[in-house]
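Input sequences plus hints: build the corresponding full structure.
Each protein sequence line maps, in turn, to chains A and B. Heads up: the first sequence begins at 1 in the working numbering, then just goes up one per residue. Heads up: the second sequence begins at 1001 in the working numbering, then just goes up one per residue.
In case anyone wonders, no lab produced these hints; they're calculated from the structure. Watch out, some of these pointers could steer you wrong.
To be verified - Chain B residues, not near chain A, derived (Cβ > 12 Å throughout): (1) 1011; (2) 1018; (3) 1019; (4) 1024; (5) 1060; (6) 1061; (7) 1082; (8) 1097.
Unchecked claim - Sample of chain A residues facing chain B (criterion: CB under 8 Å; computed from the structure): (9) 41; (10) 42; (11) 43; (12) 90; (13) 104; (14) 105; (15) 108; (16) 109; (17) 110.
Stated by the list, open to error - Covered stretches of chain B, as calculated for chain A (at least 3 residues, CB under 8 Å): (18) 1042-1056; (19) 1107-1114.
Just so you know, even glycine gets a beta-carbon here, dropped at the ideal spot from N, CA and C.
Take a look at the letters that make up each chain.
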Amino acid sequence: EAQVTQNPRYLITVTGKKLTVTCSQNMNHEYMSWYRQDPGLGLRQIYYSMNVEVTDKGDVPEGYKVSRKEKRNFPLILESPSPNQTSLYFCASRPRSAGVAVPGELFFGEGSRLTVL
Amino acid sequence: GNSVTQMEGPVTLSEEAFLTINCTYTATGYPSLFWYVQYPGEGLQLLLKATKADDKGSNKGFEATYRKETTSFHLEKGSVQVSDSAVYFCALSGLETTSGTYKYIFGTGTRLKVLA
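Spelled out as structure tokens, the structure:
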């Protein structure tokens, strides 16, 4: 089954304790992205990756790191979490768009709810 | 830059009522438009899409028409069911002129609650 898998789904941690949220997709997609969802703000992009070893900042990258060493995996790293990073996080992927075609559908994971105390 | 504005919720309807969720956008060029649905405890999934002006996307009884003249992509359903209770996101995929790259922009989401 084609899917995007995130782990953990739920996590409660304390300020300053490094954590990693993993994301893996089995659809051979080039593009992967991380979003956070907060009430009243919708989805905001944190980082994205166009392909292996190619990553770039989204709209709210502060306090986050990512890496793309393999095509299927795109982990989100919080080196020193703070309470303002309490949020619902989504990983998404899609195939590379052909030529000048507008990118199509994003495929989302089920989300990771993070609470930082 | 590009943007999406959708009506705030929550929207509460009785079963079999008519649904409209408004969505308007601002974009340069010719973006693609999408509606995503998020059921409780799940990720977003594509509900429908339209890639050019006057296209109508449809799925599961939901419809939306890409109106370039009014820059709108309103979501409609003629008769909602309890199982339609979810959060609905309008989104566009378009060219950001400042960066020269394509980007997804999401609206803030509209929560729909359907009562039996």
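Hint by hint, here is what the structure shows:
1. 1011: 16 Å, holds
2. 1018: Its Cβ never comes within 12 Å of chain A, the nearest being 25 Å, so this holds.
3. 1019: Non-interface label stands for residue 1019/B: nearest chain A Cβ at 20 Å, farther than 12 Å.
4. 1024: Residue 1024/B clear of chain A: closest Cβ-Cβ about 15 Å, beyond 12 Å.
5. 1060: Holds: least Cβ distance 16 Å, greater than 12 Å.
6. 1061: At roughly 20 Å from the nearest Cβ of chain A, residue 1061/B sits farther out than 12 Å, so the non-interface label holds.
7. 1082: The claim holds: residue 1082/B sits with its nearest Cβ about 22 Å from chain A, beyond 12 Å.
8. 1097: About 14 Å separates residue 1097/B from the closest Cβ of chain A, which puts it past 12 Å; holds.
9. 41: 6 Å, holds
10. 42: Check passed: Cβ of residue 42/A comes within 4 Å of chain B, closer than 8 Å.
11. 43: Constraint on residue 43/A satisfied, holds at 4 Å.
12. 90: Given a least distance of 6 Å, the restraint on residue 90/A holds.
13. 104: Holds, because the Cβ-Cβ distance from residue 104/A to chain B comes to roughly 7 Å (cut-off 8 Å).
14. 105: Holds, because the Cβ-Cβ distance from residue 105/A to chain B comes to roughly 5 Å (cut-off 8 Å).
15. 108: 4 Å, holds
16. 109: 5 Å, holds
17. 110: 5 Å, holds
18. 1042-1056: holds (count 7)
19. 1107-1114: holds (count 3)
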